[in-house]
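Trainee: What follows is the residue order along each chain.
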Amino acid sequence: MSAETKGKVLEFFREKSRGDKKKYYVKEVVKGLPNEDRHAIQEAVKELLDEETLKYWSSGSTTYVMLAEFFPKE
Amino acid sequence: MAESETPLLDELEKGEWPSFVKDMKQAAEKKPMAKDLLRQLELSYKEKIGHWKHGGIVGVKGYGGGVIGRYSDRPDLFPGVAHFHTMRVNHPTGWFYTTKALRTLCDIWDKHGSGLTNMHGSTGDIILLGTSTDHLQSCFDDLSDAGFDLGGSGSALRTPSACVGPARCEWACIDSLNICYDITMSFQDQLHRPMFPYKFKIKVSGCANDCVASIARSDFSIIGTWKGKIQIDQKEVQAYAASGLDVQAEVTDLCPTKCMTWDEKAKTLAIEDADCTRCMHCINMMPKALRQGKEKGATLLIGGKAPIVQGALLSTVIVPFMKLEPPYQELKDLILKILDWWDEHGKMRERVGELINRVGMRTFLKDIGLKPAPQMVKNPRTNPYVFFWPEEIKKEVK
Ligand code: HEM
Ligand code: HEM
Ligand code: SF4
Ligand code: SF4
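Going down the list, the protein sequences come from chains A and B. For this note's numbering, add 480 to where a residue sits in the first sequence, where the first one is 1. For this note's numbering, add 35 to where a residue sits in the second sequence, where the first one is 1.
No lab work stands behind these hints, which were simulated from the structure alone. Careful, some of the hints might be misleading.
[To be verified] Here are some chain A residues pointing at chain B (derived, C-beta under 10 Å):
hint : residue
1    : Y505
2    : V506
3    : P514
4    : V525
5    : T533
6    : Y536
7    : S539
8    : E549
9    : F551
[Said to hold, decoys possible] As a list, the in silico PhoX-like pairs of lysine-lysine whose alpha-carbon atoms are at most 20 Å apart:
hint : chain 1 : residue 1 : chain 2 : residue 2
10   : B       : K88       : A       : K502
11   : A       : K553      : B       : K382
12   : B       : K358      : A       : K511
13   : A       : K496      : A       : K526
14   : A       : K526      : B       : K88
15   : A       : K553      : B       : K88
16   : B       : K329      : B       : K367
Computed from a predicted model, the values in this text were never measured in an experiment. Idealized CB from N, CA, C, for every residue including glycine.
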């Protein structure tokens, strides 16, 4: 997984999170970056999660990923 | 006596059956959380609307699941359940505990949560109901120290589960417990780091009696079976007949493939093993007289699920027979291949069985590299058209 892919994933979230929608399926990230390898994107997402740039959001049955800064405060 | 705060719930304590209200009241004597849970539920019964909010919170450091976040939408009225998160804890395979382990679990949950548990949830996990965000990490740490780990939730591999199998049951054709444990340990990343389109469940039953209902409740079902002849002990068959079992009515007539014959005069049982689907019925009826064939393995099936986004599905056969011995590499490679195929082609929130229904079994088999087999046929065809792959047509036309 390249730093480049990671950059593009982060760019995707920054770009897409301008509106009201903040939560995305990993699949939407894959769709949004058609020139990147699916597995590389998933690895990039995992790294961004580990760094806590991204955060998981889950309803319990379905899991989304979002920028940590938009994660709802309690 | 003071008037009850929960007159509607109190109704559910009447009658002879066990009552969750009774249990919750017992917990409420120790825990204000359980008390507010009752009071909020009473309000829901009165207003006929739920008062829970999905939280989003997913777990502890490094995990993408295992905690299901829930909040009250009336924390002003019910501060005890302002947070009421569930922790899903991976159960020991086969649900074997020492009493010490159970006490430890309960002590941890008394310390960190409401004290209410659900042993076990439909995934099989130990369900610890109701804690607050500030307790999640410390509760997890205590569970870890006691040797427990969180299970799966969200768009992940859910905690695999298995029937009690060889630990107690003579019918186990495979070591369901070891297979389940091995899969759990091999697929930790898929379990704790949700990346899939939706949930994926694996369940292992030792035989077609399917005590974990893997065929109805898992996307990937592993069911023990055998090859070769059912072993018949005619003397024992006669003993069953003599003791009042109507072999014709209760055994052979109920054989789903009608491959058994009972000669009433000669008192002998015959089985056309080539036609037997290994459903276990006859063996269940006469365990002393009939034993499974000697070569053991498993049938692998795909696509089972309960109704959520779409309707319920039962799993269908994809591998009629696979020998399953440690380290189960062939099995795990197949599962990984299927997971990757589903991850690539599945829509958001589409289970693998729904995906196969959408694109067709033939596409699935081709992509995964499995050969179609008669055992995959669910029912006779109803569609007059035969679809050939373009390359197949080229082969035929000389
Ligand atoms: C003496 C003449 C024929 C006889 C006895 C005959 C008999 C049959 C029978 C028994 C079936 C199977 C029905 C089933 O599946 O329940 C069948 C199916 C069929 N027949 Fe014929 N047939 C004859 C002529 C034709 C002709 C001339 C055509 C076309 C021009 C034709 C086209 C078909 C088709 C398309 C099917 C359906 C195949 C499928 O289910 O996949 N048949 N026929
Ligand atoms: C423009 C011409 C035609 C059209 C639009 C047409 C359309 C159809 C349709 C929609 C079906 C039902 C498919 C299904 O149940 O899934 C069908 C079935 C069938 N058609 Fe045609 N068809 C045409 C011409 C023909 C001709 C010329 C023949 C025979 C010489 C024929 C023989 C059959 C047969 C045997 C069946 C199968 C019936 C069954 O198995 O129940 N069709 N056709
Ligand atoms: S599924 Fe079969 S092997 Fe497993 S416990 Fe039930 S009867 Fe025994
Ligand atoms: S296992 Fe089932 S299908 Fe096979 S002979 Fe017995 S009853 Fe018939």
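Trainee: Determine for every hint whether it applies to the structure shown.
Mentor: Verification of the hints:
Proximity of Y505/A to chain B holds as hinted, the smallest CB-CB distance being about 5 Å (cut-off 10 Å). Evaluation of the V506/A hint against chain B yields a held restraint, the C-beta minimum of about 5 Å falling below 10 Å. Restraint check, P514/A versus chain B: the minimum CB separation of about 13 Å is more than 10 Å; hint violated. Because the beta carbon of V525/A sits about 7 Å from the nearest beta carbon in chain B, less than 10 Å, this interface hint is met.
Against a cut-off of 10 Å between C-beta atoms, the interface hint on T533/A is violated, since the closest Cβ of chain B lies about 14 Å away. Because the closest C-beta pair between Y536/A and chain B is about 4 Å apart, less than 10 Å, the hint holds. At a threshold of 10 Å, the smallest CB-CB gap from S539/A to chain B is about 5 Å, leaving the interface hint in force. At about 14 Å, the closest approach between the beta carbon of E549/A and any beta carbon in chain B exceeds 10 Å, and the interface hint on this residue is violated.
Satisfaction of the interface hint for F551/A is found here, the shortest Cβ-Cβ separation to chain B being roughly 7 Å, below the 10 Å cut-off. A hinted pair counts as satisfied when its Cα atoms are at most 20 Å apart, and K88/B with K502/A qualifies at roughly 18 Å. Proposed proximity of K553/A and K382/B is contradicted: the alpha carbons are some 30 Å apart, above 20 Å. For the given pair, K358/B sits about 39 Å from K511/A by alpha-carbon distance, which is inconsistent with the 20 Å threshold.
Of the pairs offered as hints, the one joining K496/A and K526/A holds, with about 19 Å between alpha carbons and a cut-off of 20 Å not exceeded. Between the alpha carbons of K526/A and K88/B the distance comes to roughly 27 Å, so the proposed pair goes past 20 Å and is violated. The suggested pairing of K553/A with K88/B holds, with an alpha-carbon distance near 14 Å, which does not exceed 20 Å. The straight-line distance between the Cα atoms of K329/B and K367/B is roughly 24 Å, outside the 20 Å bound, and the hint therefore fails.
In terms of the numbered hints stated before, the structure departs from hints 3, 5, 8, 11, 12, 14 and 16, listed from lowest to highest.
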